[in-house]
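K.L.:
Please arrange chain B with the ligands on chain A, whose structure you already have, making use of the hints.
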Amino acid sequence: MSKPLINIKDITVRFGEKTVLDTINLDIFPNEITVILGESGCGKTTLLKTITGLIKPASGSIHIFGEPFDGADESKHDRMLRRMGVLFQNGALLNSVSVRDNVAIPLEQHSRMDPDLIARNVAVKLKWVGLSEAEYLLPSELSGGMRKRAALARAIILDPEILFCDEPSAGLDPVTSASLDQLILTIKEQFNMTILVVSHELASIHRIADKVIYLDKRKILYNGPLAAVRTCGIETVENFFRTGSF
Amino acid sequence: MVKQIARLIFENDELRIVGDLTHQTVPQLEKQVRRYKKKAVQAVDLKELIYTDSSGVVFLDWLSSDVFPDIPFKNASEKVQKALDRFSSRDIKIPLPPKHPGFFESVGNFALTLKDTVTDILYLTSEIILWSFYGIFISKGRRKGAIAQQIVYIGSNAVGIVGLLSIVLGLIIALQSAAQLRQYGAGIYVADLIAISMVREMGPMMTAIIIAGRSGSAFAAEISTMKVTEELDALKMMALNPIRYVVVPKFLAITICMPLLVMISIILGILGGFIIGMTYLDLTYVSYFNETLSILEVKDLLIGLSKSVFFAWVIVIIASFYGFKAEGGAEGVGKVTTSSVVASIFAVIVLNALFSLIYM
Ligand SMILES: Nc1ncnc2c1ncn2[C@@H]1O[C@H](COP(=O)(O)OP(=O)(O)OP(=O)(O)O)[C@@H](O)[C@H]1O
Ligand SMILES: [Mg+2]
Numbered sequence: 000m001s002k003p004l005i006n007i008k009d010i011t012v013r014f015g016e017k018t019v020l021d022t023i024n025l026d027i028f029p030n031e032i033t034v035i036l037g038e039s040g041c042g043k044t045t046l047l048k049t050i051t052g053l054i055k056p057a058s059g060s061i062h063i064f065g066e067p068f069d070g071a072d073e074s075k076h077d078r079m080l081r082r083m084g085v086l087f088q089n090g091a092l093l094n095s096v097s098v099r100d101n102v103a104i105p106l107e108q109h110s111r112m113d114p115d116l117i118a119r120n121v122a123v124k125l126k127w128v129g130l131s132e133a134e135y136l137l138p139s140e141l142s143g144g145m146r147k148r149a150a151l152a153r154a155i156i157l158d159p160e161i162l163f164c165d166e167p168s169a170g171l172d173p174v175t176s177a178s179l180d181q182l183i184l185t186i187k188e189q190f191n192m193t194i195l196v197v198s199h200e201l202a203s204i205h206r207i208a209d210k211v212i213y214l215d216k217r218k219i220l221y222n223g224p225l226a227a228v229r230t231c232g233i234e235t236v237e238n239f240f241r242t243g244s245f
Numbered sequence: 000m001v002k003q004i005a006r007l008i009f010e011n012d013e014l015r016i017v018g019d020l021t022h023q024t025v026p027q028l029e030k031q032v033r034r035y036k037k038k039a040v041q042a043v044d045l046k047e048l049i050y051t052d053s054s055g056v057v058f059l060d061w062l063s064s065d066v067f068p069d070i071p072f073k074n075a076s077e078k079v080q081k082a083l084d085r086f087s088s089r090d091i092k093i094p095l096p097p098k099h100p101g102f103f104e105s106v107g108n109f110a111l112t113l114k115d116t117v118t119d120i121l122y123l124t125s126e127i128i129l130w131s132f133y134g135i136f137i138s139k140g141r142r143k144g145a146i147a148q149q150i151v152y153i154g155s156n157a158v159g160i161v162g163l164l165s166i167v168l169g170l171i172i173a174l175q176s177a178a179q180l181r182q183y184g185a186g187i188y189v190a191d192l193i194a195i196s197m198v199r200e201m202g203p204m205m206t207a208i209i210i211a212g213r214s215g216s217a218f219a220a221e222i223s224t225m226k227v228t229e230e231l232d233a234l235k236m237m238a239l240n241p242i243r244y245v246v247v248p249k250f251l252a253i254t255i256c257m258p259l260l261v262m263i264s265i266i267l268g269i270l271g272g273f274i275i276g277m278t279y280l281d282l283t284y285v286s287y288f289n290e291t292l293s294i295l296e297v298k299d300l301l302i303g304l305s306k307s308v309f310f311a312w313v314i315v316i317i318a319s320f321y322g323f324k325a326e327g328g329a330e331g332v333g334k335v336t337t338s339s340v341v342a343s344i345f346a347v348i349v350l351n352a353l354f355s356l357i358y359m
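Sequence order for the protein chains is A and B.
Start counting the first sequence at 0; every next residue gets the next number (numbering that gives the first Met the number 0).
Start counting the second sequence at 0; every next residue gets the next number (numbering that gives the first Met the number 0).
Check the hints yourself; a few may be wrong.
[What the hints assert, rightly or not] Sample of chain A residues lacking proximity to chain B, with all beta carbon distances greater than 12 Å (derived):
no., residue
1, GLU16
2, GLY52
3, ILE61
4, PHE87
5, LEU106
6, ALA177
7, LEU201
8, ASP215
[Said to hold, decoys possible] When the alpha-carbon atoms are kept at most 25 Å apart in a straight line, the in silico BS3-like pairs for lysine-lysine are as follows:
no., chain 1, residue 1, chain 2, residue 2
9, A, LYS2, B, LYS92
10, A, LYS8, A, LYS210
11, B, LYS235, A, LYS126
12, B, LYS114, B, LYS73
13, B, LYS81, A, LYS187
14, B, LYS114, B, LYS298
15, B, LYS98, A, LYS126
16, B, LYS46, A, LYS187
17, B, LYS334, A, LYS187
18, B, LYS73, B, LYS30
19, A, LYS218, A, LYS8
20, A, LYS8, A, LYS48
21, B, LYS98, B, LYS334
22, B, LYS78, A, LYS126
23, B, LYS139, B, LYS235
24, A, LYS216, A, LYS55
25, B, LYS81, A, LYS126
Hints in this document: simulated from the structure, not taken from any laboratory.
If you're wondering where the values come from, they're calculated on a predicted model, not measured in any experiment.
Yeah, the Cβ is synthetic: ideal placement off N, Cα and C, and Gly gets one too.
So here's chain A without its partners, still in its complex pose (with noise of 0.2 Å):
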């Protein structure tokens, strides 16, 4: 088995007196895609958010790409983020500026790329994400979910090797979200991605997980590939799989 990529030992997060994760312990294995489930509520985005250093864990230490993550003086830590796409719950694209120069800002800032090319990489990337005719429409003038496709353009514009995807199919037409996971399976192969997927839609889990991790009352409840997982004897995990499949 190949070294883990991310390395979670012992995360413990808390929220004031409220403990939202509780030791969690986690490898993720580079080139999968790992899907992230549980309950709404139960901590997935707060799982993504610690996993990038966006929130401190109150205990606990995270390895990526081999070394210290939490760690790592701001240099080292610019260029491991550099490596890292994330695509938000919401979004989270920047308001003031058009769709076209959202997607543009990573290699605006990291590259010295000229600018012709740069849009090239820009029309291409909207292209995969069927925002073509959008590129000078403001965030604001975009609908949910055209938001969040926009915002997966801007995650995979500089290729990353880890790719964090926080409900990247919430509020598509079931269309739309299978062309999306086509795109993340693309990606995936192409570059040698490692993803992880936060997810609830089950066509979406069966179209591209490798494995599954099912979180539930602060903890890790299943941990394992997604061929095993209907078998897997823990009820809440089966039943999951069982109440939403027809």
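P.N.:
Below, chain B with the ligands alone, put in the same frame as chain A:
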């Protein structure tokens, strides 16, 4: 795996791309390529190209379409060829940015917006006034305790700053004029000066400017946030009138608070003048107050207070006009808040000038 190395080699009329093409390495290659542009490049050899990310694909597309058109690109590995096929930018048209309107179009737009603005403000004003007075008799659709809460925000919480600034203003005006008046032995007239200017001009106007900055901005921010987060739409769909539910409590509260704040401002302004009179001009407090009371008429006070009520209304109306107009998320909230404060301070000063002309 951090991929950083890429080179161009020109040999036997062929250009070889060696290494990895990534958004890190593409910029250097791009500069080098321009040097080979004029040379007789017969083919581009991709045999030693190990990896390309999407920036690399875009770079190769640019090479084959703009720099070396009609030149074969050969020996791409399976993986590179796959990337080229999958992520090709060759038949993607980059849309042009939308055109900015020309001069005449802008002028026309401006005129139309102005017309809309005026009608909107008139509608808004009439609706606010209607619901403020008519609404008193209907208890439905009103938010309980809202007016009291607003009085605390607008009035009580502003007493400190209004009082402090008024006393300082009184001190400054008195001090500036005392030196001149004393030369003529007319020091006692400082009392007249302070009384008239605080009651008729400074008290109402300064209080209005403070309230415009303090509460007007808060109104605009609150209403515009409700607008961009669809809270106003939600209210409408619950059969509640947003103006009545959100604006009217503020309107009534400010109507009550403003004259009271102006009274505080006047009293403390006069106190400021009094301090200078006692210390710098050696006046007795009896003579100072007699002089103050003899110069002031009830009419002056009524003018000052009625002005302040108008200012208050203008502040609420402008803040809600901008608030309801907001669009475009947090950015929009910031914009309309700024515009609202600038516009209401401007309006207060212009209105004050008009009042001065009318009641000369
Ligand atoms: N900033 C915060 N302060 C306090 N509590 C928080 C904060 N952020 C999240 N929580 C709490 O942590 C818990 C987990 O929240 P989280 O956003 O991670 O849920 P989630 O699993 O992503 O849910 P969903 O599927 O609805 O997005 C929730 O109970 C929430 O109330
Ligand atoms: Mg979430």
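K.L.:
Hint by hint, note whether the structure agrees.
P.N.:
Here's how the hints hold up against the structure:
The claim that GLU16 (chain A) is not at the interface with chain B holds, since no C-beta of that chain comes within 12 Å of its own (minimum 29 Å). The claim that GLY52 (chain A) is not at the interface with chain B holds, since no C-beta of that chain comes within 12 Å of its own (minimum 19 Å). Non-interface call for ILE61 (chain A) relative to chain B: holds, since the shortest CB-CB distance, roughly 20 Å, exceeds 12 Å. The Cβ of PHE87 (chain A) sits about 15 Å from the closest Cβ of chain B, beyond the 12 Å cut-off, so the non-interface label holds.
With a cut of 12 Å on Cβ distances, LEU106 (chain A) falls inside the contact zone with chain B, its closest approach being about 6 Å. Residue-level check passed: ALA177 (chain A) sits 17 Å from the nearest beta carbon of chain B, beyond 12 Å. Under the 12 Å C-beta cut-off, the non-interface status given to LEU201 (chain A) relative to chain B holds; the minimum distance is some 27 Å. With a least beta-carbon separation of about 32 Å from chain B, ASP215 (chain A) lies farther than 12 Å from that chain, consistent with its non-interface assignment.
Using a Cα cut-off of 25 Å, the hinted pair LYS2 (chain A) and LYS92 (chain B) is violated, with the two alpha carbons roughly 42 Å apart. With a C-alpha separation of about 18 Å, the suggested pairing of LYS8 (chain A) with LYS210 (chain A) holds against the 25 Å cut-off. Taking the CA atoms of LYS235 (chain B) and LYS126 (chain A), the gap is near 38 Å; set against the 25 Å cutoff, the hint is violated. At roughly 65 Å between alpha-carbon atoms, LYS114 (chain B) and LYS73 (chain B) are farther apart than 25 Å, so this suggested pair is violated.
Between LYS81 (chain B) and LYS187 (chain A) the CA atoms are separated by roughly 13 Å; this keeps the pair inside 25 Å, and the hint holds. For the given pair, LYS114 (chain B) sits about 37 Å from LYS298 (chain B) by alpha-carbon distance, which is inconsistent with the 25 Å threshold. About 22 Å separates the Cα atoms of LYS98 (chain B) and LYS126 (chain A), which keeps this hinted pair within 25 Å; it holds. This hinted pair checks out: LYS46 (chain B) and LYS187 (chain A) have alpha carbons roughly 23 Å apart, not beyond 25 Å.
For the hint pairing LYS334 (chain B) with LYS187 (chain A), the CA-to-CA distance comes to about 41 Å; that exceeds 25 Å, so the pair is violated. As the CA atoms of LYS73 (chain B) and LYS30 (chain B) are separated by approximately 22 Å, the hinted pair is consistent with the 25 Å bound. The hinted pair formed by LYS218 (chain A) and LYS8 (chain A) meets the criterion: a straight-line CA distance of about 13 Å does not exceed 25 Å. The suggested pairing of LYS8 (chain A) with LYS48 (chain A) holds, with an alpha-carbon distance near 15 Å, which does not exceed 25 Å.
With a C-alpha separation of about 23 Å, the suggested pair LYS98 (chain B) and LYS334 (chain B) falls inside the 25 Å cut-off, and the hint holds. Proximity of LYS78 (chain B) to LYS126 (chain A) is assessed by CA-CA distance (about 22 Å); at most 25 Å being required, the pair is judged to hold. The suggested pairing of LYS139 (chain B) with LYS235 (chain B) holds, with an alpha-carbon distance near 14 Å, which does not exceed 25 Å. Distance restraint check for LYS216 (chain A) and LYS55 (chain A): the Cα-Cα separation of roughly 20 Å lies within the 25 Å cut-off, and the hinted pair is therefore satisfied.
A hinted pair counts as satisfied when its Cα atoms are at most 25 Å apart, and LYS81 (chain B) with LYS126 (chain A) qualifies at roughly 18 Å.
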